[in-house]
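Each position in the sequence shown, counted from 1, maps to that position plus 28 in this note's numbering.
Don't take each hint at face value.
[To be verified] Cut-off 27 Å, straight-line C-alpha distance, at most; resulting in silico cross-link-like pairs (DSSO-like, lysine-lysine): (1) 697 to 504; (2) 568 to 617; (3) 705 to 504; (4) 469 to 100; (5) 500 to 568; (6) 492 to 597; (7) 506 to 697; (8) 598 to 500; (9) 326 to 506; (10) 500 to 597; (11) 568 to 705; (12) 597 to 705; (13) 469 to 697; (14) 469 to 504; (15) 705 to 500; (16) 504 to 100; (17) 506 to 591; (18) 617 to 597; (19) 469 to 500; (20) 598 to 492; (21) 705 to 469; (22) 500 to 591.
[Said to hold, decoys possible] Pairwise CB distance ranges, derived in the manner of DEER restraints: (23) 591 to 555: 16 to 26 Å; (24) 523 to 414: 19 to 29 Å; (25) 412 to 166: 41 to 51 Å; (26) 686 to 472: 30 to 40 Å; (27) 487 to 64: 47 to 57 Å; (28) 564 to 472: 36 to 46 Å; (29) 152 to 105: 19 to 29 Å; (30) 289 to 319: 53 to 63 Å; (31) 591 to 648: 23 to 33 Å.
None of these hints come from the bench; they were simulated from the model. Beta carbons are placed, not taken as given, at the ideal position from N, Cα and C, and that holds for glycine.
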Amino acid sequence: MDTMIELPALRRSAELAPNTVDNDARTVEVIWSAGARVRRARFFCEPYDEELSLDPAHVRLERLNAGAPFLKVHEIDTLDAVIGSVVPGSARIENGRGIALVRISERADVEPIWRDIQAGHIRAVSIGYQVHRFDISKPDGGRELWRAVDWTPFEISAVPVGADPAAGFRAKGEHHDCVLHRRDAPTEQGASPMTEKTQTPAPTEEVVADPTSETAATEETTMTDEKTGAAEAQAHATDTRSQPGPSNQRSAPAKPEAPDTEAVATHAREAERDRVSTIYDLAGRLNLERSFAEDLVKRGVGVDEARRLILDQVVAKSDETRTFGQVSVPLGGRDERITRRDAVANALLHRYSPTLFPLEDAARQYRGMTLLELARESLGNVGVNTRGLSRDEVATRALHSTSDFPEILAAVTNKTLRQAYEAYPRTFSLFCRQVLATDFKAMHRVQLGEAPQLLEVGESGEFKRGTLGESKESYKVKTYGRVVAITRQTLINDDLDAFTRIPAMYGNSIAQLESDVVWGIITANPAMADGTALFHANHKNLAGTGAALDVSSVGAARAAMAKQTGLDKKTVLNIRPAFLIVPAALELKAEQLVAQNLVPAQSGNVVPQSIRTLAPISEPRLDAASETAWYLAASPNQIDTIEYAYLEGQQGAYIETRNGFDVDGVEIKCRLDFGAKAIDWRGLYKNPGA
Numbered sequence: 029m030d031t032m033i034e035l036p037a038l039r040r041s042a043e044l045a046p047n048t049v050d051n052d053a054r055t056v057e058v059i060w061s062a063g064a065r066v067r068r069a070r071f072f073c074e075p076y077d078e079e080l081s082l083d084p085a086h087v088r089l090e091r092l093n094a095g096a097p098f099l100k101v102h103e104i105d106t107l108d109a110v111i112g113s114v115v116p117g118s119a120r121i122e123n124g125r126g127i128a129l130v131r132i133s134e135r136a137d138v139e140p141i142w143r144d145i146q147a148g149h150i151r152a153v154s155i156g157y158q159v160h161r162f163d164i165s166k167p168d169g170g171r172e173l174w175r176a177v178d179w180t181p182f183e184i185s186a187v188p189v190g191a192d193p194a195a196g197f198r199a200k201g202e203h204h205d206c207v208l209h210r211r212d213a214p215t216e217q218g219a220s221p222m223t224e225k226t227q228t229p230a231p232t233e234e235v236v237a238d239p240t241s242e243t244a245a246t247e248e249t250t251m252t253d254e255k256t257g258a259a260e261a262q263a264h265a266t267d268t269r270s271q272p273g274p275s276n277q278r279s280a281p282a283k284p285e286a287p288d289t290e291a292v293a294t295h296a297r298e299a300e301r302d303r304v305s306t307i308y309d310l311a312g313r314l315n316l317e318r319s320f321a322e323d324l325v326k327r328g329v330g331v332d333e334a335r336r337l338i339l340d341q342v343v344a345k346s347d348e349t350r351t352f353g354q355v356s357v358p359l360g361g362r363d364e365r366i367t368r369r370d371a372v373a374n375a376l377l378h379r380y381s382p383t384l385f386p387l388e389d390a391a392r393q394y395r396g397m398t399l400l401e402l403a404r405e406s407l408g409n410v411g412v413n414t415r416g417l418s419r420d421e422v423a424t425r426a427l428h429s430t431s432d433f434p435e436i437l438a439a440v441t442n443k444t445l446r447q448a449y450e451a452y453p454r455t456f457s458l459f460c461r462q463v464l465a466t467d468f469k470a471m472h473r474v475q476l477g478e479a480p481q482l483l484e485v486g487e488s489g490e491f492k493r494g495t496l497g498e499s500k501e502s503y504k505v506k507t508y509g510r511v512v513a514i515t516r517q518t519l520i521n522d523d524l525d526a527f528t529r530i531p532a533m534y535g536n537s538i539a540q541l542e543s544d545v546v547w548g549i550i551t552a553n554p555a556m557a558d559g560t561a562l563f564h565a566n567h568k569n570l571a572g573t574g575a576a577l578d579v580s581s582v583g584a585a586r587a588a589m590a591k592q593t594g595l596d597k598k599t600v601l602n603i604r605p606a607f608l609i610v611p612a613a614l615e616l617k618a619e620q621l622v623a624q625n626l627v628p629a630q631s632g633n634v635v636p637q638s639i640r641t642l643a644p645i646s647e648p649r650l651d652a653a654s655e656t657a658w659y660l661a662a663s664p665n666q667i668d669t670i671e672y673a674y675l676e677g678q679q680g681a682y683i684e685t686r687n688g689f690d691v692d693g694v695e696i697k698c699r700l701d702f703g704a705k706a707i708d709w710r711g712l713y714k715n716p717g718a
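Please take these sequences and the hints and turn them into a complete structure.
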């Protein structure tokens, strides 16, 4: 039997892996779930065991992989609570564990937290998640097992200690629908399984008293003593009345022992503490106002009466809670409307490029249909009668109604734009480093110097302090964009190119823009933070006289890079070039230089292995500045060269759509949030050539 209930977001403890800290990238891996079975409890109901399935088919990782926030102790009310984010695409499931890479913010107030993570003082994290479907079974003689077979982790938080499972249910927020599938649920003969939807308070962990514990034993002993005393008193009275002897002669009753006033006071204090803590705990778990619990405590309400009043308050609050209707979709299934929308989009993409977008089985029924025919069918699917409508009326209604047609056009446009954007060759990514910007503020990159030289410490001598030199470069992400419109004339004319080839050209131009920005740094030779140009004799990365590209000139450039010193002007860095960068005019010569040697006529013509390991990069944008100049670049893993950044969550080309206002159709906005800057000159070298 399937039952649908509404649950709040849940919490569960996890752990950091401090040994995975990357100081330069400010990243650390977290194990956000190991699928452990934990005990849960619902007020006034039997407790149950909860287990999170880590079958990849059961976990929705989209929200984590989209850059979910890394929070401070599950705070959701302030922006300062965001101390980092999940690196997009890093969330995964390996060997039965959920793993993700978290990047820590560079804000000043987050720096102490980052240092504690690096030092291993902060090790615990907790995840927030929503369960969409539980598979419920009951083993013989055991508690019910609620196994989450469809659930979504949506945030990760750093916490002081591993979170108590019950504490996770105290989060404020909207409830969401969850399907409970009970195995072997009995139904009356002739009756079909029922699906009901009800709102329940947040499940919480319930503390069950151990009957062998000291507190339980004390309470049981007190009750037993009271009953025993009453029974003995009654027996004594009966025995006295039945004694033989004179009618006015009675035996004197035994003098009762004096009560232990200290024990009575201690018991009263413990009972009061238990009453107060129970009321506050119940109110807190059910997200009731603290003032409500304080009123119950001040009025001296007993625990049983408090439970009744708290339950009444929960019911009253549930009537005020705004709930959202949701269609229950079987696990592994898809909504019919979404399936149809994807099939139409695939049919249109197949018309655009059969090789890039093969035709799917579900899309075959839409193959060959014109745009106007697809628009008419989309209107019919939402109950709009198109009989008697002109071509112009069909186009207008399809673009401005609740039909799926605008979303289909947007999906086709997005895929063609992304495909063209990703297909464009970006040669700079090999020797540059990519990062993510959290906002549009200037990012300051500290160019750390080398560690100071170690000095000999004599017997009973003191260690001398050293300092790190540093130089600071800064840049920020900028926004670039254009708007393209799909009009009703496009539909009437069946002009597929208007929202396939035009967006593809936009995707190509966005990729070109990225290359223009990065290679513009090389050709413009801008000033660094020290006021000196990127390539300059003072930086020792510019050849004094130009030389043609050959073994000797490359060897001299390689030696100059190896002799670069740190910011103290003393420490030799021994930088090794990894890339040979040339304009298109020198591409052939560069490839010949690093090609595998044939046996030369003279040993002096042998190209050393160290030069042949250089990876040639040819970039035609360099030809406009000089057809003779060539460059060497180190790997960004050894030293910083040029850094480029996307806005977090908006990597690469991004599009948005809306119904047109200035145009009669759908407007599609293409946007790129991008920036780049040379961070260190010591990993680059230029020879003007000859």
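field: Hints that the structure is at odds with (numbers, increasing)
entry: 9, 17, 18, 28 and 30
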